[in-house]
Amino acid sequence: MTAVVRVDAVSKTYRLGKTEVPALRGVSLEIHRGEFLSIAGPSGSGKTTLLNLIGCIDTPTSGRVLVDGQDTKDLSERALTELRLHRIGFIFQTFNLVQVLSVFQNVEFPLLLQGGLARKERDRRVSGLLEAVGLFDHAKHRPSELSGGQRQRVAVARALVTRPGLVLADEPTANLDSQTGANIIDLMKDMNGRDGTTFIFSTHDPKVMSHATAVVRIADGQVSSFEGGGSAAARAGEGS
Amino acid sequence: MTTRLRATGLLVRIAFRNLFASKAKTLILGGIVLFGALLVVVGSSLLDTVDRGMRGSIQGSLAGQLQVYSARSKDDLALYGGMMGESQLEPIEDFAALKKVIERVRNVKAVVPMGIDQAMVATGNEFDVALEKLRADVRLWLRGDRTPELIAAYGAHKAHLRRMTTLLRQELSQARAIVDDSLIKERARETADLARATTEAFWGSFDEDPLASLEFLENRIAPQSMSGGFTFIRYAGTDLDAYGQAFDRMRIVEGTPVPKGHRGILIGKLYAEDWLKLKTARRLDRIRDARLLRHRKIARDEELQRWVRENETQTRDILLQLDPLQAEEAAERLRRALGSSKTDLHELLVELFTTDDANFDRRYAIFYDELAPLLQLYTVKVGDTITIKAPSHSGYMSSVNLKVYGFVEFRGLEKSALAGIMSLMDILSWRDLYGYMTAEKSAEIRAIKASAGVREVSRENAERDLFGGPAGEPEAKAVPIEAPIVVGAAEKKADQTLFARSYTPEEMDGGVALNAAVTLVDPSRIKQTQRDIASALSAAGFDMKVVDWQKASGMVGQFVSLARVVLYTAVFIIFAVALVVINNAMVMATLQRVKEIGTLRAIGAQRRFVLAMLVLETTAVGLFFGAVGAALGAGVVWVLRLAGGIPAQNDQLYFFYSGPSLVPRLGATSLFVALAIVIVVSVLSGLYPGLIAARVTPLEAMQSDE
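Heads up: the protein sequence lines correspond to chains A and B, in order.
When you read off a place in the first sequence, starting at 1, and then add 6, the result is the number in my numbering.
The second sequence: position 609 = 590 (my numbering), numbered continuously.
In short, the hints are calculated from the structure, not lab data.
There could be a bad hint or two in this list.
Claimed, not checked - Covered stretches of chain A (in silico footprint by chain B; criterion: 3 or more residues with CB under 8 Å from a CB of chain B, positions within the stretch not fixed):
1. 55 to 64
2. 84 to 92
3. 111 to 120
Claimed, not checked - Residues of chain B clear of chain A, computed beta-carbon distances all greater than 10 Å:
4. Ala91
5. Ile233
6. Ala615
7. Leu623
8. Ala624
Ideal placement from N, C-alpha and C gives every residue a C-beta, glycine not left out.
Using the sequences plus the hints, can you model the full thing?
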């Protein structure tokens, strides 16, 4: 089993004026392909920071983050963007759809950025995903015409359309009622089961956590516990 | 690169969606761009048309494409006069030599000598005209040619003069009542002469010695008439034959060209209208123009009312022109036309000229149809000989008599008070007025002066020293200078010989000129030819300035450049405002869209994608509204053309429009310039917000909405 993500003694410090605020303090973690992993912890614990580092939208102050075996510190801004485009899907707490594009176009967007896929293939893939998330009939709607749950389904479809190895979701259910939230988690779980895509999502909701195959708990910028599914080989708190 | 293409398609889609999403903003930004583009297209089309028109008028009437004049001149050449009067130019002593050098330069078509100056012209007076008629009668009478017709005319002309003297006496006694006693004493003889000329005795015995009586009238009475006298005339002395070939805008509206190689003058039509036309007729013309072109109303316009009043009170000029037979005819015609019962011509004239907005057009027609054929409308007519006087180069007054061959107009400059009043004179007469001799002649004179021991010719003695020396002096006789150079020496006979004489082109060229107009085969290569001529001249040892038509025409030629500066300043300001406004609006929009941009970055859009997205938005706005503005501008130009152009509201505009109206022509350049400016401005205005957007990090996408 290869690790999709390896986090190695990573620290991240933010500068707030003259004071330095440590967000992560020596986190090590290994996440394997096909996992449905939840990063849990109270707000301000550093779980979003950890997700940002794994998602290549931020780089660590010290330590190493390896995504698909590549050290993110060695990569240029442009290469990091390429990596995000091709290897990682994102689901945001606030859905973050492009307001001026239709549902279909929102999902199609990363494929267009990638290029390379013929129109027919693109259409098939987008339609397939919209069907899978149950929004095929809403393909021509604008995000503003959809409910929160529907929007997040669109976001899930968008995150998966490039068939990334890894999908990151930052508090995907925080802006949804619990039933809808549960449905989204179910949907993600389905996708995880169907394609073996690795999902990492942060949450502070115990109900959501319960769906995870593994849960990494974070407190004060450190991994406080690791409750793992059988295949997970994560090491917590090493070297701290 | 299908990838690029797809990404571009996506960009366009997002850009347009964003523009449609904020319609109000887009419309405001677009409106500014639209207005700017419209202004560029309409403004530069109008200016280009003015430019083309003026270029044609100025180049084709006087300037040619290039002008050459002495570099030692104190002033710059100003063909239409400068602020301080005529420009002081050093003469080109040997025009023929200069011409030879310039003609050899490639692209030169013709070189025309010129001398531009102002002079006084004697416009004659009614007395002279009436006396001339009477003298002709007397001549026939004395020859014994006493047909009934002549007897009638002779009588009428005498009666005419008698009436004129009576009128003059009335007028002068009124004028003199105002001035003081000492002046009256001084003028005692004049008063006595006038008194005599109005007596029955004088006229009763006129036939006993008609010549003596005529002489008395000519010498004692005519000078007392205050009409006539001198007016200023602006003219260009030139080789009229070469001029006619090189300049296409000159048109003879009356008369004929000056015969090849002859002396003569062609009087500017506008000058004649302004200065030589019967004042009453001129005022009627001006009232008509004001009403017709400027929609002014006599009832509401003080100036028009004044002209009407002046016409009512100043009937004398007309009364003086008519002999009793004509006066009767005129009175009869007016009675019929006006349906009046008055008998006195003066009263009829007053009635005719008492006009208001309702009857003006009718009265104007009556004047020109009924009265004008009996009148001499212009003090100078084709075939007359006029005397022109000017201070010569060396200071004394010189004068020439010139036959008027015709009236000329310059197409496009017909109403320009600046350029249209120009008269054209043969270059030899100009040289006489200018008082500067050929290089040969002046060398000759220098030699004579040296041998005669004359060191310096003073202003006062110039004439006598140079031309009028004692008859026995052989040196003076050897100077072959023609008579009219000397004041007062212009005898009629001498005139006739001079007028009949034909000069060869060599004689025309061989002498002094002030400037040389150069026309080109290909006017678009003006800059190159200007340099070529300058270097050819300096290589040949000439110290000359070569200037283009625009510079040579002074303020007049620079009007277009000035207007262009104004237009482009306005355009610049509009687009600077557009740049700032669009930039600000887009920066605001970018800040509002930080989360969306962050999201795009997070899911894999490169920085340049985001930059391109913003630039594309502003460019789309710019291109669309710029194109609409340019199209609207083209439409405005088109409508203006359909409507027959913008009418010239006054004489200045007539000049700038080179005609009665400005019919703009849409230039491809105007459209191109408008679109180019729009593209540059819109790309620039999107660049800064684009850079801000490109700096948005994907982290922004992760911020929750709190």
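Hints, one by one, checked against the model:
Beta-carbon proximity to chain B at under 8 Å applies to 5 residues in the stretch 55 to 64 of chain A; the threshold of 3 is reached and the given coverage holds. For a cut-off of 8 Å, the count of residues in the stretch 84 to 92 of chain A with a CB near a CB of chain B stands at 6, and the three-residue condition holds. For the stretch 111 to 120 of chain A, the stated coverage by chain B holds: 6 residues have a C-beta nearer than 8 Å to a C-beta of that chain, and at least 3 were required. For alanine 91 (chain B), the non-interface assignment is confirmed: its Cβ lies about 67 Å from the closest Cβ of chain A, beyond the 10 Å cut-off.
No Cβ of chain A comes within 10 Å of the Cβ of isoleucine 233 (chain B); the nearest lies about 72 Å off, and the non-interface call holds. In this structure alanine 615 (chain B) is separated from chain A by more than 10 Å, as the shortest Cβ-Cβ distance comes to about 33 Å. For leucine 623 (chain B), the non-interface assignment is confirmed: its Cβ lies about 43 Å from the closest Cβ of chain A, beyond the 10 Å cut-off. Distance to chain A confirms alanine 624 (chain B) as a non-interface residue, since its nearest Cβ pair spans about 44 Å, more than 10 Å.
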